[in-house]
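Peer 1: Sequence:
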Amino acid sequence: MSEVPLAVRLDDGGSAHSGASVLRSNHWVQPELPFTFVSSLDSTLQAAPCSGTVTAESIVPLATTALGSGHVAASLTAPSLSVAVTEVSRAGIQRRRRPPLNPRTRAFRRRFFPEVTDQQWNDWRWQSQHRIRRLDQFERFVNLSTDEREALTQGGTLLPVGVTPYYMSLLDADDASQPLRRTVIPTGNEFIRREGEADDPLGEDGHSPVPGLVHRYPDRVLLLPLDFCSTYCRYCTRSRVVGHGEIVPNEKRLEAIFHYLENTPQVRDVLISGGDPLALSDEKLDWILSRLRAIPHIEFVRIGSKMPAVLPQRITPAFVRMLRRYHPLWMSLHFLHPDECTAESRQACERLADAGIPLGSQTVLLRGVNDNVETMKQLVHNLLLMRVRPYYLYQCDPISGSSHFRTPV
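Each residue of the sequence shown is one higher than the last, beginning at 96 in the working numbering.
Hints were generated in silico from the structure; no laboratory data involved.
Misleading hints may appear alongside valid ones.
Claimed, not checked - Pair ranges (Cβ atoms, derived):
| id | residue 1 | residue 2 | range |
| --- | --- | --- | --- |
| 1 | Phe208 | Asp269 | 17 to 25 Å |
| 2 | Thr241 | Arg363 | 49 to 57 Å |
| 3 | Arg482 | Glu394 | 30 to 38 Å |
Each residue gets a CB set at the ideal place from its N, CA and C atoms; glycine is no exception.
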């Protein structure tokens with residue numbers, strides 16, 4: 096038998112279901128093959144030294160090792176194994192599966208990022224590193240209105256500007272009134288401060304026993320590990336602190352928070368927010384969750400994030416595997432318009448839901464964005480299809496320069 100690149104699809108050729116493969120671990124395997132075989136074979140293949148090629152005959156000893164003597168079927172022979180070519184990565188065997196791509200994003204990539212590979216585009220770190228932040232960058236992608244251009248030129252608002260290439264692909268290049276565009280590109284309205292507005296309308300700074308922690312209610316706290324977001328919403332409640340680089344996830348600062356929690360037994364619920372906590376690396380968030388789970392009286396851990404909407408590439412299989420170790424764990428996802436409910440976002444939400452994480456939406460009611468029945472109805476419908484429970488609907492907080500977003504209730 097000829098050699099082929101190292102990647103395996105196992106089919107039981109003698110089965111009546113030989114045409115109905117199902118995906119298990121990193122391999123395509125027939126439904127009648129036990130899952131223990133699949134996961135064990137995966138581990139065996141990953142650990143086995145190889146030269147980069149494999150034959151059907153060479154799989155049999157590995158399969159026998161993976162199954163164990165008590166599970167080896169007599170029919171498991173080289174002729175019953177078909178080997179299909181898939182891609183090989185440095186990390187080992189990977190299945191070849193093209194990520195979903197909505198039509199608007201596909202056209203955007205062809206026009207503005209034709210040289211960028213799928214691997215780069217779907218790398219959340221690449222997306223973060225290539226955020227659109229400057230006037231000249233925005234001018235490349237959209238036809239700015241006079242109001243938008245002046246706001247970007249003037250600067251000086253409480254909140255910095257930043258949009259991922261992915262989310263930029265969802266914006267209308269010509270219509271400044273498009274809902275998503277209104278939420279991420281500043282206008283002159285942000286410089287107008289109305290009566291009743293405040294930089295800290297919720298009074299969070301007055302309930303902060305240690306930096307990065309808000310303890311307003313007796314049994315729950317708000318943990319802010321960082322002030323960075325991949326995309327900045329123009330109506331952000333924490334525009335006074337977000338994006339300024341003052342809240343950093345260093346160990347000394349976080350240990351002070353954990354020390355406070357360890358000595359405050361009435362706290363049983365921790366909401367991790369920011370900034371966006373999913374902007375942290377897997378390793379850093381893993382460490383934070385492990386420290387929280389080591390505190391006996393903390394029962395509930397929640398994470399608030401907009402990443403599935405603005406950077407769904409962040410929700411990787413490795414990331415959700417890490418999260419599974421810290422159940423019970425809940426996530427509040429910030430969606431505000433049906434245009435955010437793309438194939439990419441749906442895949443991100445499905446990965447989280449498949450990991451057993453209950454998902455609820457938190458939506459801000461915004462003038463000119465989602466303040467009509469039809470838009471809200473479509474958003475709720477789309478969220479349910481994405482396995483996200485419509486949960487919170489907020490009135491826009493009276494932060495400084497936000498009057499153009501608030502709508503009567």
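Peer 1: Measuring from beta carbon to beta carbon, are Thr241 and Arg363 in 49 to 57 Å?
Peer 2: holds (52 Å)
Peer 1: Is it true that the C-beta distance of Arg482 to Glu394 lies inside 30 to 38 Å, as the hint says?
Peer 2: violated (24 Å)
Peer 1: Is the hinted range of 17 to 25 Å satisfied by the C-beta distance from Phe208 to Asp269?
Peer 2: holds (20 Å)
Of the numbered hints given earlier, the model fails hint 3 alone.
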